[in-house]
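Engineer: Letter by letter, the chains look like this.
There are 4 protein chains.
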Amino acid sequence: MSDLADLTARMRAFTEERDWGRFHDLKSLTLALTGEVGEVAELVQWLPASAAVDVPDERLRERLGEELADVLLYLVRLADVAGVDLAAEAARKLTVNESRFPPGEHRGVAPERH
Amino acid sequence: MSDLADLTARMRAFTEERDWGRFHDLKSLTLALTGEVGEVAELVQWLPASAAVDVPDERLRERLGEELADVLLYLVRLADVAGVDLAAEAARKLTVNESRFPPGEHRGVAPERH
Amino acid sequence: MSDLADLTARMRAFTEERDWGRFHDLKSLTLALTGEVGEVAELVQWLPASAAVDVPDERLRERLGEELADVLLYLVRLADVAGVDLAAEAARKLTVNESRFPPGEHRGVAPERH
Amino acid sequence: MSDLADLTARMRAFTEERDWGRFHDLKSLTLALTGEVGEVAELVQWLPASAAVDVPDERLRERLGEELADVLLYLVRLADVAGVDLAAEAARKLTVNESRFPPGEHRGVAPERH
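Protein sequence lines, in the order shown, are assigned to chains A, B, C and D.
Mind the numbering: the first sequence is residues 1 to 114 in my numbering, read in order.
Mind the numbering: the second sequence is residues 1 to 114 in my numbering, read in order.
Mind the numbering: the third sequence is residues 1 to 114 in my numbering, read in order.
Mind the numbering: the fourth sequence is residues 1 to 114 in my numbering, read in order.
With the rest of the complex left out, here is chain A (with noise of 0.2 Å):
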């Protein structure tokens, strides 16, 4: 089964068990979502330039691990309230781009954005 259908679905029946749907409207996760992103920030803030290129240490990869599946948990649940199917939109979003962004033409160019 789609992993992300997976998630939606864990990610509801969890909501409906603890009856927190009442805390789960559009702004409410986009906070959540941000005070999560911002727990991946504080990881890497301070990272030298160099360390931010290469793998992280084993430790710096479990706290990411932890942290990014706390982001992708809110986006999926963010995703399911707003009514929106999230890898159907991701697929297309990333076809739009493999066309908007000609590799010849921004080879080695940082992008606007992309």
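Keep in mind the hints are simulated off the structure, nothing from the lab.
Model, not experiment: these values are computed from the prediction.
Hints should not be assumed to be uniformly reliable.
No copy is singled out in the list; a pair is fine if it fits within one copy or between any two copies.
In silico SDA-like pairs for lysine to any residue, Cα to Cα no more than 25 Å straight-line [said to hold, decoys possible]:
1. K93 <-> E62
2. K93 <-> D57
3. K93 <-> A49
4. K93 <-> L43
5. K93 <-> E58
Add chains B, C and D to chain A, keeping to what the hints say.
Structural biologist: Chains B, C and D alone, transformed into the frame defined by chain A:
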């Protein structure tokens, strides 16, 4: 195939074909993730609390779909660079939360963090 | 003396006394700012919409005071490193907004961005 | 006059003249703050680490000035709604940090959080 693994592979190929790997260190990708979450925030910030709990109108849902897709694309890219198995970490974290917040005790009570 | 200029000078001295200037580049400080805004978000994310419009209780106000202070300290430090006169820029931007959003036309209407 | 108090008073008048107070609850303003920090992140995300430590070029500095100003305007508005004296809290927090991180012990060492 797992859709997260599929998106991760496509984002990696997208990056390599454009030689954009030089831009994709942990700090730069976390900043890109922050920028996309900021775009989600701008879409919902002035919604009346009542509207925020309903399914959004079609125009807002479309715009949310695009921004949430951007968040996911940078999230899978960041996890790939960090050497994190995002699907496995999210499933594991959700299992931890299920036992950490027993439905009975936490029913309808605003979670401290979940 | 201007309190923003005073905070800027104190943060610069604080940084130099600890030889932390090496950590205070534009990207690292923006990540630190993101982390602090994330802590503000975590404090308000589950507030009922009704509570969010009232003055917060004393405990929440104290915690908000600490996190908003952290946001300001990194903001003045980031502006200093960027060579931006924050007080002048904010006063100028507010003057622009005052003419961009004439009270008559925009009365009670959710602003697109302001 | 204190420039933070001046900006706070001007933002309050700006809001009241447009009857925008209804939009300025703690959650909505934190989302607006998140959106503006996201715009700062988008400006610096792809900067090479080397460029990030120099003073930015004039064009980037101008754009940073505008976005940092927006961050400050929402920050003072949020503090006002929260009943927080931002200047006093920031001065107090900085005094705490000065004693919490003695220059000798922390010289040149990446701070955990500061």
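Engineer: When the hints from earlier in the document are held up against this structure, which numbers fail?
Structural biologist: 3
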